[in-house]
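Here are the chains, one letter per residue:
Protein chains: 2
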Amino acid sequence: MILVSVMYPAGPRFDMDYYLGHHMPLVRERWSPMGLHEAKVVRGVGTPDGKPAPFQVMVLLTWDSADAFAKAAAQHGPEIFGDIPKFTDAEAAVQINELPEASA
Amino acid sequence: MILVSVMYPAGPRFDMDYYLGHHMPLVRERWSPMGLHEAKVVRGVGTPDGKPAPFQVMVLLTWDSADAFAKAAAQHGPEIFGDIPKFTDAEAAVQINELPEASA
Chain A
1 MILVSVMYPA GPRFDMDYYL GHHMPLVRER WSPMGLHEAK VVRGVGTPDG
51 KPAPFQVMVL LTWDSADAFA KAAAQHGPEI FGDIPKFTDA EAAVQINELP
101 EASA
Chain B
1 MILVSVMYPA GPRFDMDYYL GHHMPLVRER WSPMGLHEAK VVRGVGTPDG
51 KPAPFQVMVL LTWDSADAFA KAAAQHGPEI FGDIPKFTDA EAAVQINELP
101 EASA
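One line per chain: the protein sequences are A and B, in this order. Number 104 marks the last residue of the first sequence (my numbering); no jumps. Number 104 marks the last residue of the second sequence (my numbering); no jumps.
Simulated from the structure, these hints should not be mistaken for laboratory data. Check the hints yourself; a few may be wrong.
Heads up, the list lumps identical chains together, so a pair's fine if it works in one copy or across two of them.
Simulated crosslink set (DSBU-like; lysine-lysine; CA at most 30 Å straight-line) [stated by the list, open to error]: (1) Lys71 - Lys51; (2) Lys86 - Lys71; (3) Lys40 - Lys71; (4) Lys40 - Lys51; (5) Lys51 - Lys86.
All values derive from a computational prediction rather than experimental measurement.
Could you put the whole structure together from the sequences, leaning on the hints where they help?
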């Protein structure tokens with residue numbers, strides 16, 4: 001299992017209604033049959049010391065494998081990534097992560 | 001439920017053996033009885049286009065509530081945060097996140 005983190009920095013516009021109502025359902029519909037296990041959306045509300053959150057929205061995508069993610073991105077990337085400008089001008093920081101522990 | 005994300009940027013030293021073998025067990029021992037549900041550690045391996053991952057390690061802490069996290073941080077913060085210099089010189093980006101969806 002791997003986890004792909006997509007992190008949208010604070011600042012630029014972000015249409016949460018479109019994101020939750022259209023974009024994420026599209027992501028789950030296209031990618032769940034291709035090895036996407038879970039897509040957890042979180043919204044930044046602040047730091048522990050009361051400052052603004054650096055990232056306004058993050059999504060944590062758990063996949064069977066890096067290979068499954070690569071194939072899914074290749075097959076549906078144009079549709080899914082092409083949808084991003086409809087809800088934000090932010091440039092997401094995306095990274096692939098290993099899970100070094102058994103889940104705990 | 002809330003999710004606290006702790007993200008260690010790439011660059012500075014990070015002793016993964018100490019982190020997994022000592023620090024995370026300490027976190028779970030102190031905070032699980034105080035409302036910590038899950039602590040998922042991930043290690044950045046790169047970006048989809050083959051660049052280095054911006055964050056070398058992230059931990060995703062799921063809590064009952066922001067209040068539970070605040071109380072746990074107040075009660076055990078000196079011990080837990082005081083342990084951080086033993087495994088890294090990186091300054092973590094920490095933020096509190098809401099979960100705008102039911103889990104999907």
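These are the hints, each one checked on the structure:
no., hint, result
1, Lys71 - Lys51, "between (39 Å within a copy, 18 Å between copies)"
2, Lys86 - Lys71, "within (24 Å within a copy, 40 Å between copies)"
3, Lys40 - Lys71, "both (20 Å within a copy, 25 Å between copies)"
4, Lys40 - Lys51, "both (23 Å within a copy, 24 Å between copies)"
5, Lys51 - Lys86, "both (28 Å within a copy, 26 Å between copies)"
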